[in-house]
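There are 2 protein chains.
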Amino acid sequence: MESKSRVVALSGGIGGAKLVLGLSRVISPGDLLVIANTGDDFEHLGFWISPDLDTLMYTLAGLADPDRGWGRRDETWTFLQAQDQLGGETWFRLGDGDLATHLQRSEKLKAGVPLSRITAEFCRRLGIASRICPMSDDRVQTRVRTPDGWLSFQDYFVRRQCEPSILELVYDGVEKARALPEVLQALNDPDLRAVVICPSNPYLSIDPILNVPGICEALADCSAPVIAISPIISGQAVKGPTAKIMRELGVEPTALSIAKHYGELLDGFVVDETDAACCRDLDIPVIATQTLMLTLADREALARTVLESADTLAKSL
Amino acid sequence: MESKSRVVALSGGIGGAKLVLGLSRVISPGDLLVIANTGDDFEHLGFWISPDLDTLMYTLAGLADPDRGWGRRDETWTFLQAQDQLGGETWFRLGDGDLATHLQRSEKLKAGVPLSRITAEFCRRLGIASRICPMSDDRVQTRVRTPDGWLSFQDYFVRRQCEPSILELVYDGVEKARALPEVLQALNDPDLRAVVICPSNPYLSIDPILNVPGICEALADCSAPVIAISPIISGQAVKGPTAKIMRELGVEPTALSIAKHYGELLDGFVVDETDAACCRDLDIPVIATQTLMLTLADREALARTVLESADTLAKSL
Numbered sequence: 001m002e003s004k005s006r007v008v009a010l011s012g013g014i015g016g017a018k019l020v021l022g023l024s025r026v027i028s029p030g031d032l033l034v035i036a037n038t039g040d041d042f043e044h045l046g047f048w049i050s051p052d053l054d055t056l057m058y059t060l061a062g063l064a065d066p067d068r069g070w071g072r073r074d075e076t077w078t079f080l081q082a083q084d085q086l087g088g089e090t091w092f093r094l095g096d097g098d099l100a101t102h103l104q105r106s107e108k109l110k111a112g113v114p115l116s117r118i119t120a121e122f123c124r125r126l127g128i129a130s131r132i133c134p135m136s137d138d139r140v141q142t143r144v145r146t147p148d149g150w151l152s153f154q155d156y157f158v159r160r161q162c163e164p165s166i167l168e169l170v171y172d173g174v175e176k177a178r179a180l181p182e183v184l185q186a187l188n189d190p191d192l193r194a195v196v197i198c199p200s201n202p203y204l205s206i207d208p209i210l211n212v213p214g215i216c217e218a219l220a221d222c223s224a225p226v227i228a229i230s231p232i233i234s235g236q237a238v239k240g241p242t243a244k245i246m247r248e249l250g251v252e253p254t255a256l257s258i259a260k261h262y263g264e265l266l267d268g269f270v271v272d273e274t275d276a277a278c279c280r281d282l283d284i285p286v287i288a289t290q291t292l293m294l295t296l297a298d299r300e301a302l303a304r305t306v307l308e309s310a311d312t313l314a315k316s317l
Numbered sequence: 318m319e320s321k322s323r324v325v326a327l328s329g330g331i332g333g334a335k336l337v338l339g340l341s342r343v344i345s346p347g348d349l350l351v352i353a354n355t356g357d358d359f360e361h362l363g364f365w366i367s368p369d370l371d372t373l374m375y376t377l378a379g380l381a382d383p384d385r386g387w388g389r390r391d392e393t394w395t396f397l398q399a400q401d402q403l404g405g406e407t408w409f410r411l412g413d414g415d416l417a418t419h420l421q422r423s424e425k426l427k428a429g430v431p432l433s434r435i436t437a438e439f440c441r442r443l444g445i446a447s448r449i450c451p452m453s454d455d456r457v458q459t460r461v462r463t464p465d466g467w468l469s470f471q472d473y474f475v476r477r478q479c480e481p482s483i484l485e486l487v488y489d490g491v492e493k494a495r496a497l498p499e500v501l502q503a504l505n506d507p508d509l510r511a512v513v514i515c516p517s518n519p520y521l522s523i524d525p526i527l528n529v530p531g532i533c534e535a536l537a538d539c540s541a542p543v544i545a546i547s548p549i550i551s552g553q554a555v556k557g558p559t560a561k562i563m564r565e566l567g568v569e570p571t572a573l574s575i576a577k578h579y580g581e582l583l584d585g586f587v588v589d590e591t592d593a594a595c596c597r598d599l600d601i602p603v604i605a606t607q608t609l610m611l612t613l614a615d616r617e618a619l620a621r622t623v624l625e626s627a628d629t630l631a632k633s634l
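Going down the list, the sequences are from chains B and G.
Following my numbering, the numbering of the first sequence begins with 1 at its first residue and continues without gaps.
Following my numbering, the numbering of the second sequence begins with 318 at its first residue and continues without gaps.
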């Protein structure tokens, strides 16, 4: 059992990136492959922006802003000030350093380079030993239906601050999106130790990934345990609109609902100690631990617990 | 004579902008129209960059960096650092605030807005009362032939630091470029007090403007005196490659050569006191004064001298 070393993580942005960082520090970082949500990607001012890829990349490179959770540390905002002065759009907060990422991605995409290769090159430049893969090189766009009609994701998330109720979500283009061969290969690797579904928003961050044809099947078929970590703690999301969206979709915002949402995909479920009782009746192993990740030590501790739980689960698979 | 109030200036970037600033401060700024060279404009990283328009704009808005002479004051360079970190191009120094100008210009040009209207809107936003007009809304590209072959202007000027010898210059597209109606109208205005050819590089900054069809004719026909200020002082350029280029083109780098270059276009010529002797034999009035503009007071003083000389010349036209 000890010989299995590789880990695949499915992740959105901020919350997921915390655990991804922990994972990258408790295993050999080269053994970690992250499948990132790209349903939030969008074009803005001519730039192609991939928020979750960027958050993961900056986090693993040690460049992430520790307070905001997104964007780069030591960022400046001179561009945005000048943009405002000249009457340009400023609703999406583009940091000066961040612009270089968006600009280079846009230029390369226009030149026909696939997003996965662009991301790999960025990671190489930033000294990231783990692999970060977009869920697909094909374009998928998360859109939400609200009482005001259909909104693009960033319109809903940033411009409208998640204020409108979500009545329905779609991941436009996902049915035709192709999973990356290296992702499918990683999930099929006999050396795979665990598949970790990070504590990200299931609807906005994980479901787009799971809806890419072939990903769910690969998870079901893979030899390693699939473990999710609840993004809901005591009925609340640590950050972001997860609980609000669950209520709007008629789902009780509990850890139990998260486990039920993923259903048969899971071999094990990690919840906060405060949620152990509500998940008592699940028919998969539930691991209760501290899931709130405030410090780097918290991220590493949760990563260790998740992987040790996977090792235990693997014995009974 | 006193009732004539309007002034038209032909200008390149840094050197010309100094006098333009002086002019805008000694007359009612709304009476000043600047025709700017756009032969240096180029596309870089997807941005449309108009170096001379920007220098003039930042200078008149009080936003120009006082030391560099180009770009914005209080500029940050985070984008360029991140660009370097990710392996992107950094040979053209793009400041973070400056990027907003280039981005908005590019976006609007792509949407079909003419450069003149974009520039007017920027000026309005930045509170500039004078008009800054590109020499044309049509694209003109200065290129230079060197022993290494043809180079685009920025390749020569920024990337190669003006190092290669210039054997020949062309202003690609200029023969089809259309002058702006408002520029021709300004030159035809009976209220025109003076046309000022700023102390810019004649080959790189002024000739592209003069080669736009209709501009030379409008200068020849206009009711006001046309006065040039020599960019060469004591055989040297204050800044930039003017003297070097003159030598490469087989022209002695003197104020006299500048006057001969403009020839019959001029009604008067302003030179530095140190160059009065060499221009003695010119058959147009030569005004000798301090032309080196180190301080704001220098800019205003030279502007006043130029306009007063124009008023004197006008009496004998």
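It should be emphasised that the hints constitute simulated quantities derived from the structure, not laboratory data.
A portion of the hints provided could be inaccurate.
Stated by the list, open to error - A short, non-exhaustive set of chain B residues, derived as facing chain G with CB atoms under 7 Å:
(1) 86
(2) 87
(3) 100
(4) 102
(5) 104
(6) 125
(7) 301
(8) 305
(9) 307
(10) 308
Idealized CB from N, CA, C, for every residue including glycine.
Tested hints:
1. Here the hint on residue 86 of chain B is kept, as its CB sits about 5 Å from the closest CB of chain G, short of 7 Å.
2. For residue 87 of chain B, the shortest C-beta to C-beta distance to chain G is roughly 5 Å, which falls under 7 Å, so the interface hint holds.
3. With a cut of 7 Å, the hint placing residue 100 of chain B at the interface with chain G holds, because the nearest CB-to-CB distance is about 4 Å.
4. Proximity of residue 102 of chain B to chain G is violated relative to the hint, the smallest CB-CB distance being about 10 Å (cut-off 7 Å).
5. Interface restraint check for residue 104 of chain B: the shortest CB-CB distance to chain G comes to about 5 Å, inside 7 Å, so the restraint holds.
6. This hint holds: residue 125 of chain B has a C-beta 5 Å from the nearest C-beta of chain G, less than the 7 Å allowed.
7. Violation of the interface hint for residue 301 of chain B is found here, the shortest Cβ-Cβ separation to chain G being roughly 31 Å, above the 7 Å cut-off.
8. About 34 Å separates the beta-carbon of residue 305 of chain B from the nearest beta-carbon of chain G, more than 7 Å, and the hint is not met.
9. For residue 307 of chain B, the suggested interface contact is broken, since its CB lies about 31 Å from the closest CB of chain G, more than 7 Å.
10. Among the interface hints, the one on residue 308 of chain B is violated; its C-beta lies about 36 Å from the nearest C-beta in chain G, farther than the 7 Å criterion.
Hint violations for this structure: numbers 4, 7, 8, 9, 10, all remaining hints satisfied.
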